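Residue numbers (the numbering used here), protein chains in the order written: chain D, 1 to 379; chain W, 1 to 349; chain A, 1 to 277.
Since the hints were made in silico from the structure, they are not lab data.
Among the hints, a few may not be true.
Derived lysine to aspartate or glutamate pairs resembling EDC-like cross-links, with alpha carbons at most 20 Å apart [as the list claims (entries may be wrong)]:
(1) A:Lys152 with W:Glu228
(2) D:Lys100 with W:Asp53
(3) D:Lys46 with A:Glu107
(4) D:Lys100 with W:Asp189
(5) D:Lys221 with A:Glu117
(6) A:Lys152 with A:Asp274
(7) A:Lys267 with W:Glu225
(8) D:Lys220 with A:Glu3
(9) A:Lys152 with W:Asp6
Source: prediction; values computed, not measured.
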Amino acid sequence: MRRILGWLLLALGLAWAQGDKLKACFIYVGPIGDAGWTYAHDVGRKKAEAALPWLETRYVESVPEAQALPVIDRFVKEGCQVIFATSFGYMEAVLEGAKKYPNVIFAHATGIKRAPNVATYMADFYQVYYLNGLAAGALSRTGKVGYVAAFPIPEVKRHINAFTLGVRAVNPKAQVLVRWINAWYDPAKAREATEALLAQGADVFTFTEDTPTVIQTAAKKGAYSFGHYTPMLKFAPDHVVSGQIVHWDVIYIDFLKKVKEGVYTPKNLEKVDYFWLLQHKAVEMGADYGVPINPKHVPLLKKAQMTVGGKKVGVYDRIMALLKDMQSPKPTFDPFTGPIQDRKGVLRIPAGKKATLEELLTMEWAAPGVVGDWPGEPR
Amino acid sequence: MRWELDPSPSPRKVLLTYALFLGLALLGLGLLFLLYGVPPLKAYALLLSPLTDTLGLAEVMRRTIPLLLIGAGLALAFRIGFFNIGAEGQLLMGAVGAAYVALFLPPGLWSLPLMFLFGGSLGALWAGLAAWLRARFGVNEILTTLMQNYLVYYLVVYLVAGPWKGQMVFGFLYTDRFPPEAQLPRLGDTLVHWPTLVLGMVAAMGLQVLLFRTPLGFEWRVLGENPEAARYLGLKGGRLILLAALLSGFLAGLAGVGEVAGIHLRLLEPAQISLGYGFTAILAAWLARGRPLGVLLTAPLLGLILAGGDALKLALSMPFRVVDVAAGLLLLGFIGAEALSRRRLVWRR
Amino acid sequence: MEEALLRAVLFGTPLLLAGLGALLSERGGVVNLGVEGMMALSALVAFAVGLQVHPALGVLAGMGVGSLLGLFLGVFAVSLRANQFVAGLALAALGLGASGLLGKRYEGTPLPNPLPEGMLAMLALILALGLHLLLSRTRFGLYLRSVGENPKAADLFGVSVDGVRYLALALGGGMIGLAGAYLSLAYRPSWTDGMTAGLGWVAIALVILAAWQPLRAIFGAYLFGLLFFLQFRLQGSVPIPSEAFAAMPYLLVILVLALSGRARAPKALGQPFDRGR
Numbered sequence: 001m002r003r004i005l006g007w008l009l010l011a012l013g014l015a016w017a018q019g020d021k022l023k024a025c026f027i028y029v030g031p032i033g034d035a036g037w038t039y040a041h042d043v044g045r046k047k048a049e050a051a052l053p054w055l056e057t058r059y060v061e062s063v064p065e066a067q068a069l070p071v072i073d074r075f076v077k078e079g080c081q082v083i084f085a086t087s088f089g090y091m092e093a094v095l096e097g098a099k100k101y102p103n104v105i106f107a108h109a110t111g112i113k114r115a116p117n118v119a120t121y122m123a124d125f126y127q128v129y130y131l132n133g134l135a136a137g138a139l140s141r142t143g144k145v146g147y148v149a150a151f152p153i154p155e156v157k158r159h160i161n162a163f164t165l166g167v168r169a170v171n172p173k174a175q176v177l178v179r180w181i182n183a184w185y186d187p188a189k190a191r192e193a194t195e196a197l198l199a200q201g202a203d204v205f206t207f208t209e210d211t212p213t214v215i216q217t218a219a220k221k222g223a224y225s226f227g228h229y230t231p232m233l234k235f236a237p238d239h240v241v242s243g244q245i246v247h248w249d250v251i252y253i254d255f256l257k258k259v260k261e262g263v264y265t266p267k268n269l270e271k272v273d274y275f276w277l278l279q280h281k282a283v284e285m286g287a288d289y290g291v292p293i294n295p296k297h298v299p300l301l302k303k304a305q306m307t308v309g310g311k312k313v314g315v316y317d318r319i320m321a322l323l324k325d326m327q328s329p330k331p332t333f334d335p336f337t338g339p340i341q342d343r344k345g346v347l348r349i350p351a352g353k354k355a356t357l358e359e360l361l362t363m364e365w366a367a368p369g370v371v372g373d374w375p376g377e378p379r
Numbered sequence: 001m002r003w004e005l006d007p008s009p010s011p012r013k014v015l016l017t018y019a020l021f022l023g024l025a026l027l028g029l030g031l032l033f034l035l036y037g038v039p040p041l042k043a044y045a046l047l048l049s050p051l052t053d054t055l056g057l058a059e060v061m062r063r064t065i066p067l068l069l070i071g072a073g074l075a076l077a078f079r080i081g082f083f084n085i086g087a088e089g090q091l092l093m094g095a096v097g098a099a100y101v102a103l104f105l106p107p108g109l110w111s112l113p114l115m116f117l118f119g120g121s122l123g124a125l126w127a128g129l130a131a132w133l134r135a136r137f138g139v140n141e142i143l144t145t146l147m148q149n150y151l152v153y154y155l156v157v158y159l160v161a162g163p164w165k166g167q168m169v170f171g172f173l174y175t176d177r178f179p180p181e182a183q184l185p186r187l188g189d190t191l192v193h194w195p196t197l198v199l200g201m202v203a204a205m206g207l208q209v210l211l212f213r214t215p216l217g218f219e220w221r222v223l224g225e226n227p228e229a230a231r232y233l234g235l236k237g238g239r240l241i242l243l244a245a246l247l248s249g250f251l252a253g254l255a256g257v258g259e260v261a262g263i264h265l266r267l268l269e270p271a272q273i274s275l276g277y278g279f280t281a282i283l284a285a286w287l288a289r290g291r292p293l294g295v296l297l298t299a300p301l302l303g304l305i306l307a308g309g310d311a312l313k314l315a316l317s318m319p320f321r322v323v324d325v326a327a328g329l330l331l332l333g334f335i336g337a338e339a340l341s342r343r344r345l346v347w348r349r
Numbered sequence: 001m002e003e004a005l006l007r008a009v010l011f012g013t014p015l016l017l018a019g020l021g022a023l024l025s026e027r028g029g030v031v032n033l034g035v036e037g038m039m040a041l042s043a044l045v046a047f048a049v050g051l052q053v054h055p056a057l058g059v060l061a062g063m064g065v066g067s068l069l070g071l072f073l074g075v076f077a078v079s080l081r082a083n084q085f086v087a088g089l090a091l092a093a094l095g096l097g098a099s100g101l102l103g104k105r106y107e108g109t110p111l112p113n114p115l116p117e118g119m120l121a122m123l124a125l126i127l128a129l130g131l132h133l134l135l136s137r138t139r140f141g142l143y144l145r146s147v148g149e150n151p152k153a154a155d156l157f158g159v160s161v162d163g164v165r166y167l168a169l170a171l172g173g174g175m176i177g178l179a180g181a182y183l184s185l186a187y188r189p190s191w192t193d194g195m196t197a198g199l200g201w202v203a204i205a206l207v208i209l210a211a212w213q214p215l216r217a218i219f220g221a222y223l224f225g226l227l228f229f230l231q232f233r234l235q236g237s238v239p240i241p242s243e244a245f246a247a248m249p250y251l252l253v254i255l256v257l258a259l260s261g262r263a264r265a266p267k268a269l270g271q272p273f274d275r276g277r
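Bound conformation, chain D alone:
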């Protein structure tokens, strides 16, 4: 037994010594495309490779869930030492693969189950959505804000709720009209859903879909919008107010450095979970990199007022103050701070409490102000 272990360690050592490069491999769920989830992961991969001279990366795109295990087999065979699996649906394949290859390090995006050699990670937008909601509430003249949503899963629901809480904090009577398109990528559906919302009076838009279609459509009718996942300012320079931008590279670089330094080993990842937010710089609020709010819209937002704790404050100042707070190492503000009831009147987060990580990850209820079908809504 000990002998085998010795051989294994030797083999492992040899593999590591080879050119001294660490080989990290990425499994993507969709095509890299131009704007969405997989594109952002790929940007992160490239930035990590540029930043870490000892890193070598490989990727494979459009891997259906059922095929993740054979892909893991291949990657391991080709000498991958770290495997990033970038979709929730890979969970079982990752856990199975981790058991099969105990010396390979796995990291599973949006995952919830860990193992000695499986870590989980996520860069989440809910704070940014809340801030964008504040801006949307201030900019909407009709009091109707459109949300073109992909699939009714907790991540999307959490973002709709955070956004709606923001909208309502500025305009307590505003509505967020939600339309599900049941697709992560479908420009035609995104376009027509946006048109439907425009016809119903929505004049500010946000969305979860992997293209800038909603932005382009809204801009044609002069409606404001918020970019999603990657900078989308260039698609409508006069109408994109802000947006959510992800920096997966921050997580990838941190993780891979720790692997290289020996902090993370295939034995101690059981508790390694990144749920990284504004304070970790894993996400950014912005119409473009470094542009939190499109300068063209700053005057409007400065003029708009909202009530916070009985006092009138400018919406722009409020957004900036909260952004600064949530970017600081010890944020005091959290959008999901009670008391929060759902749209049916059930108390979901008690007064003075913040939503726990688990509550965030399993959020099924709809915030007051959300209008539209809500599959899986708790009774």
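Keeping the supplied structure of chain D fixed, place chains W and A upon it in accordance with the hints.
For chains W and A alone, coordinates are given in the frame of chain D:
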């Protein structure tokens, strides 16, 4: 100069035309690889690489299973002139049926047989509906089956996002995992669910016998080759077509059961359940030239093209579209060769 | 209501164009299942030219690529007399794949000066009327129909069956290319892999729904456009699951066809022409 059918092409000519067209297809692919900066020979080797190790063979086999089941049924359906291009939807119906049995009926030894029976029946019902609409209202089945694919897509989304959503799935669009009794055994640690493979082989052989050795098969062949003659003989066209539609739908349904009970072990977002098998199987059926037994050869061939394309995309970090390009070019090669080998030029009027 | 009609036209337009393209060759007896791939590749080329030169030229480039792909299909479907269904399916895969591989560098770039949708929608309408006249009033229309109904007889009368079929594929391909150009230059003025999102398949269904009549294709395309829009317009206003609304267009298309009675396809549709038989 005339261009006409060659009643009996010599084997040498057939071989030559296939070599010519496949050579052209490979040349086209090679050019593309060169454009991408990949040495063509390496790429060709990768395309065939699934044949060289057990991991690759398992991948080929896994894709063969649904292609075999669906392809055998489609070979029959096409032969008699029922253009079922809704196998993808019928497969999903099978998956729904399997999930119902697995999740809502008490588990036991009967689970798997019941899943196959129920899933297959739903698939048959779905295809039968198109055949009935054609017989009753004259609705073209190409349109019906194509539209039905979308209907069942949304049915599955509705089920996994609503009433069937699992308790243990953290809000994602899945049902709960099937109980162990409702999971198909696999070969070793591969994803090859062998009982479905056996079913597929039995189906191909059974349909072949049915088509070429029984009175029903004779009627089917007459109807397919000469509908006028069939009418003259007093054959009931509508009923014959319905029967073939039911059979091909049933087999597609079985394929769906295999995918969820053998690989996914749950019902999930429809785009993840099938990898377009319903469409690829059309090609398997055609390459088999209307002989269900031939699908035993063509399904693995297509499985190899798909698995080889995947090996390419993985080994070279190429965009996933390389699979489509490789499949499209190679298929056009086969199609062209098949057509050309059956013709000849005659130097007279 | 006004809004819904506008959407019916603007979303119906790419379907109408692609449907007319498929219809044209089908009237000549050639099934074209490659529409999705043809649209994808012409959308890419149209965008590339539109971005680097001028959108109007992009339209022409898209139509040109569509025509070339139509002729390419003709090599198999007409000259080689191969099975039209599978040749079309292979072309669909090839077109989608090639567009995805070649188009990578155009992803993520907005088109600064998109074409007005209304103008192209008008053009599509004119094309539908023109195609109707072409089929019913001109000598070429007569030849085309005869080639689609009874190629043997047409051949006896000295019509070049292969020539007419090639011409129909080229013209139809041009319209399919125009549909692709509409998507990437007007409807959603940028290009991404897979942006045709299944519209090519719906266009094939549209030909059947329209009973191979250009004027009915207008109605069919707009009907589908309307229903596609309404699924989002009505979603949430009634307590019916959103998935039911999403399925509605496809269900109603089947119903409409069932109620509108038997449509007769061109007799020689899908059959390679052989003089000798």
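Tested hints:
no.: 1; hint: A:Lys152 with W:Glu228; in the structure: holds (18 Å)
no.: 2; hint: D:Lys100 with W:Asp53; in the structure: holds (18 Å)
no.: 3; hint: D:Lys46 with A:Glu107; in the structure: holds (17 Å)
no.: 4; hint: D:Lys100 with W:Asp189; in the structure: holds (10 Å)
no.: 5; hint: D:Lys221 with A:Glu117; in the structure: holds (14 Å)
no.: 6; hint: A:Lys152 with A:Asp274; in the structure: holds (8 Å)
no.: 7; hint: A:Lys267 with W:Glu225; in the structure: holds (15 Å)
no.: 8; hint: D:Lys220 with A:Glu3; in the structure: holds (14 Å)
no.: 9; hint: A:Lys152 with W:Asp6; in the structure: holds (19 Å)
In summary, the structure agrees with every hint in the numbered list given earlier.
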